[in-house]
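J.: As given, the protein sequences belong to chains A and R, one line each in that order. Counting from 1, one number per residue, gives the positions in the first sequence under our numbering. Counting from 1, one number per residue, gives the positions in the second sequence under our numbering.
In case anyone wonders, no lab produced these hints; they're calculated from the structure. Among the clues, some could well be false.
[Claimed, not checked] From the structure, some residues in chain R lie toward chain A, with a derived Cβ separation under 8 Å:
| no. | residue |
| --- | --- |
| 1 | Val169 |
| 2 | Asp170 |
| 3 | Tyr340 |
| 4 | Val358 |
| 5 | Glu360 |
| 6 | Arg392 |
| 7 | Arg454 |
| 8 | Ile462 |
| 9 | Leu544 |
| 10 | Val548 |
The C-beta atom is built at its ideal place from N, Cα and C for all residues, glycine as well.
Protein chains: 2
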Amino acid sequence: MAKDRLRIIPLGGLGEIGKNMMVLEFDDQILVIDCGVMFPEEEMLGVDLVIPDITYLREHRDKILAILITHGHEDHIGALPFLLPELDVPVYCTKLTHGLISVKLKEHGLLESSELNIIAPGQPFKLGPFGVEAFRVNHSIPDAVGYAIRTPVGTVVHTGDFKFDHTPVDGLPADFARLAELGREGVLLLLSDSTYAEVPGYTPSELVVGRTLHHLMAEAPGRVIIATFASLISRIQQVIDASAKNQRRVFVFGRSMVDNVAMALELGYLSAPDGLLGRPDELRRMRPNQVSIITTGAQGEPTSALVRMANRDHRQVRIVPGDTVVLSSTPIPGNEALVYRTIDNLFKQGADVLHSKVAEVHVHGHAAQEELKLLLNLVTPKFFVPIHGEYRHLVAHTKLAASLGIGAERCFVLEDGNVLELGPTGGRVESRLPYGHVYVDGVGELAHVVLRDRKLLSLDGILVVIMAIDKQTGRLVTRPDIVSRGFIEARDGEPLLEETKDLVVKALEQTEKHSADWSFVQTQVRETLGRFLYERTRRRPMILPVAVEV
Amino acid sequence: MAKDRLRIIPLGGLGEIGKNMMVLEFDDQILVIDCGVMFPEEEMLGVDLVIPDITYLREHRDKILAILITHGHEDHIGALPFLLPELDVPVYCTKLTHGLISVKLKEHGLLESSELNIIAPGQPFKLGPFGVEAFRVNHSIPDAVGYAIRTPVGTVVHTGDFKFDHTPVDGLPADFARLAELGREGVLLLLSDSTYAEVPGYTPSELVVGRTLHHLMAEAPGRVIIATFASLISRIQQVIDASAKNQRRVFVFGRSMVDNVAMALELGYLSAPDGLLGRPDELRRMRPNQVSIITTGAQGEPTSALVRMANRDHRQVRIVPGDTVVLSSTPIPGNEALVYRTIDNLFKQGADVLHSKVAEVHVHGHAAQEELKLLLNLVTPKFFVPIHGEYRHLVAHTKLAASLGIGAERCFVLEDGNVLELGPTGGRVESRLPYGHVYVDGVGELAHVVLRDRKLLSLDGILVVIMAIDKQTGRLVTRPDIVSRGFIEARDGEPLLEETKDLVVKALEQTEKHSADWSFVQTQVRETLGRFLYERTRRRPMILPVAVEV
Chain A
1 MAKDRLRIIP LGGLGEIGKN MMVLEFDDQI LVIDCGVMFP EEEMLGVDLV IPDITYLREH
61 RDKILAILIT HGHEDHIGAL PFLLPELDVP VYCTKLTHGL ISVKLKEHGL LESSELNIIA
121 PGQPFKLGPF GVEAFRVNHS IPDAVGYAIR TPVGTVVHTG DFKFDHTPVD GLPADFARLA
181 ELGREGVLLL LSDSTYAEVP GYTPSELVVG RTLHHLMAEA PGRVIIATFA SLISRIQQVI
241 DASAKNQRRV FVFGRSMVDN VAMALELGYL SAPDGLLGRP DELRRMRPNQ VSIITTGAQG
301 EPTSALVRMA NRDHRQVRIV PGDTVVLSST PIPGNEALVY RTIDNLFKQG ADVLHSKVAE
361 VHVHGHAAQE ELKLLLNLVT PKFFVPIHGE YRHLVAHTKL AASLGIGAER CFVLEDGNVL
421 ELGPTGGRVE SRLPYGHVYV DGVGELAHVV LRDRKLLSLD GILVVIMAID KQTGRLVTRP
481 DIVSRGFIEA RDGEPLLEET KDLVVKALEQ TEKHSADWSF VQTQVRETLG RFLYERTRRR
541 PMILPVAVEV
Chain R
1 MAKDRLRIIP LGGLGEIGKN MMVLEFDDQI LVIDCGVMFP EEEMLGVDLV IPDITYLREH
61 RDKILAILIT HGHEDHIGAL PFLLPELDVP VYCTKLTHGL ISVKLKEHGL LESSELNIIA
121 PGQPFKLGPF GVEAFRVNHS IPDAVGYAIR TPVGTVVHTG DFKFDHTPVD GLPADFARLA
181 ELGREGVLLL LSDSTYAEVP GYTPSELVVG RTLHHLMAEA PGRVIIATFA SLISRIQQVI
241 DASAKNQRRV FVFGRSMVDN VAMALELGYL SAPDGLLGRP DELRRMRPNQ VSIITTGAQG
301 EPTSALVRMA NRDHRQVRIV PGDTVVLSST PIPGNEALVY RTIDNLFKQG ADVLHSKVAE
361 VHVHGHAAQE ELKLLLNLVT PKFFVPIHGE YRHLVAHTKL AASLGIGAER CFVLEDGNVL
421 ELGPTGGRVE SRLPYGHVYV DGVGELAHVV LRDRKLLSLD GILVVIMAID KQTGRLVTRP
481 DIVSRGFIEA RDGEPLLEET KDLVVKALEQ TEKHSADWSF VQTQVRETLG RFLYERTRRR
541 PMILPVAVEV
């Protein structure tokens, strides 16, 4: 590799390129940006989390200078407990992000052994050959930043997840001036959030949600119950503000919501008038129209507080007619069924339910087309790499860039594991790391073959054929036994399974001569039964022949 | 049950109330409206179709007069092949619907034995105590109707799936005049489509899509490939019309698309200028900008023509830069991942891809709020039952009715299996049928226990423990064997599985005295291993102990 070139490598993100992790390399020194997890797609059966494959980083462990974190969402910090023990490098982040990471590392018993550094936007620091400076952006969590990274080849700007909000809840708009200055000084490469590159116009301000909540609390006849993400600190602040204006006290339910509210209050990222927040045991004594409730469960998570309320299974809150429930969120793809089942159950108990399809109770955290164009025109980069989005979002983002005169020759659409080598006058995708995702379930990594088997098992079940075979003669000692699960109902299946046993007996008689060759017998049994069962049931269970030699 | 009352029973629909089937009963005589299937939700592993539970109809088989069909979509006709052999009653439907049903029954060898009657809108006929008349509505398929059914208690109006389109492709708007007349004569009960009751405004006309397609074909540099539902006959007509205007010949791919186009041309529901439709083998000789392609695969179905094109796996069509691909559809919830993966793959091969999120290339087939209100004001029913929607849609629909003065006392929100008994002055939900869905996979019905096992298998896999046991002593003859699938990778799992075998040996030694009691041994092995494996792996595979007595 040429020594005077930057290397840019997006890692992780389940098809959302560079979402969880981005590697920036110069002269054998490495900066990592973000370290997050993805939640599995439906077809990844029994997988709890998906983390980036860090084979490359593991091999170059001693060259990594630091991990820079853009903000405190799971898809940007969630893999730290898995990867920090292996990589053991310092982490840099803003104050609230530091709070959220600390909670997480403490849970995993890793807080003591990790080096976490709090940084502030606008205060540059050096890391090897890199001059690093965070700049403030808006997102659906406070204290979100992007990074400007000065390298010997030129300046790289990484936006993180961002939108432009002129009236954010914390009063701190994105730092337009700094972005413009960086642009004037000259930016070699812009890496910019593409999540909403297909959406025209501007993303509405959080202010819109605040107004809706205020009107709603003024008019609701009874309690107002608001479900949102525990990390959506600004949304929680808006609920507190609207409640205070409408003489409602606020009660918080759901473990992660309670934890995050406590942490954010302590760090000063949330504020509430004295006495506004109530203890659960005070709830009974309140008149319904004096109550707001903040809770987890906006994604219909089966064990969340809201879902328990919807199923009459929550100890402290029972839904009654007159309650107004607000889902301040949009369903993450794949969660729709859970979310809508929860809404239906709430309606059935007499609550009125508002969600983002029917009322302005949610805005998302990513820049739409006009904001993306504004950013491109502020930063005026020489080269452009769209990140944080699926392939079609990246393509849509390059079309926006093209409309501003940044043509295809200055854009690089990468995929996870691609290595872009970039010099002052141009670059190209030089290679692709051997790259896969790492699946985590409970405590361990999951192999692909295990996932594939789960998929197969889930389709038509399994059929275990147990054969007691004489060690000497290689012949069946007794009639084979068959146990099946997820294939056919026991009652209906009995005659079919008896026929299947006959077939096994016959198959083994025919293969007598090869009986020493167990793998041949296995294949024979599998194929014979597979054909027979498919003919009779149109199902293809996994067939598992096992032999006991006696 | 009072003899002077109507009974209304919605059946089927997987939570979309009355979507697949509606039962109307008077004086022990039954009319059935629609007979459709639902496609399974993701969690229904290996299920191909879900059909209504007709236990009730089976028990009252001799009282059923007919099945009336509203239109030819799968969720309204798809269960006929499963239920007609059992119920053996005449079916009434319009001409195109008749064509679609015939194709389906022929496939199942049922066409000869079924009585299908073609009816025309506006021509009343008698069925026992019922006077039946179909009226024309608009939907995303031609020849869609609703039914006005005169009963001794009063007139019942059932809309079917509908929208109001003033400029439909077939030139036949919904019959507003007939609906108004019915309203003036007096309607006892309206059953109306609620699918889009949450959506404000009007559903755009198909005309909008026609305009988009025309502009797109005029401007596209190469081929235009349009994927849509095979049953969306009007959309196909629009592609033909836009192609003709732009001197492009039309090529049709995908089995169901080819079949439906042939049938619709024959019945006169599609028309094309001579020579416009091309044979696949002519495609090679055409210049790219003289070609339109219509194909299946708009939902990312894995074996569809479009998906094969996207994966370079289609024999006749290979995607090249310059191709414009249009997905004229919206992803059905649950299909998003498949659809977006297809789009990404098309982009990666250099095509430009348009879908409903970024261009006006699709309109849906259901009435939005303003249309629903118009219908309510035309029909002015005494009582109202919202149908065809999940519970929250029905609630939203009653809110619309309330805004027109049809208060809660005149609305009944039902669930599948509910029995509404309605007289001239009022009604109530009297009972609920024992009711479940019926799952179909391949050729047979699926028991719930089978589904539950598939779910369990899919989460953490399976562990089969094979024990050869001496018939006389009840002791292990050899060391137990263990086979696992979907649980742990063979390579990593070896030592763990050896430990597990030790545990089995120990467990069997301890239970020696009870060894005759196989179910006790099973439970013992299951519990011991379950605890041990969960401790060591945090996974809970299904544990299946099997014994071979020798």
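J.: Evaluate each hint against the coordinates.
T.: Hint check:
1. With a least beta-carbon distance of about 28 Å to chain A, the hint placing Val169(R) at the interface is violated under the 8 Å criterion.
2. Proximity of Asp170(R) to chain A is violated relative to the hint, the smallest CB-CB distance being about 31 Å (cut-off 8 Å).
3. With 8 Å as the threshold, the beta carbon of Tyr340(R) comes within range of chain A, its nearest partner Cβ sitting at about 6 Å, so the hint holds.
4. Taken as an interface hint, Val358(R) checks out: its beta carbon lies about 5 Å from the nearest beta carbon of chain A, inside 8 Å.
5. With a least beta-carbon distance of about 12 Å to chain A, the hint placing Glu360(R) at the interface is violated under the 8 Å criterion.
6. Because the smallest distance between the Cβ of Arg392(R) and any Cβ of chain A comes to about 5 Å, under 8 Å, the interface hint for this residue holds.
7. About 4 Å separates the beta-carbon of Arg454(R) from the nearest beta-carbon of chain A, less than 8 Å, and the hint is met.
8. Because the closest C-beta pair between Ile462(R) and chain A is about 6 Å apart, less than 8 Å, the hint holds.
9. Interface restraint check for Leu544(R): the shortest CB-CB distance to chain A comes to about 6 Å, inside 8 Å, so the restraint holds.
10. A distance limit of 8 Å between C-beta atoms decides the matter here; for Val548(R) the minimum to chain A is near 4 Å, and the interface restraint holds.
Against the hints set out earlier in the document, violations occur for numbers 1, 2 and 5.
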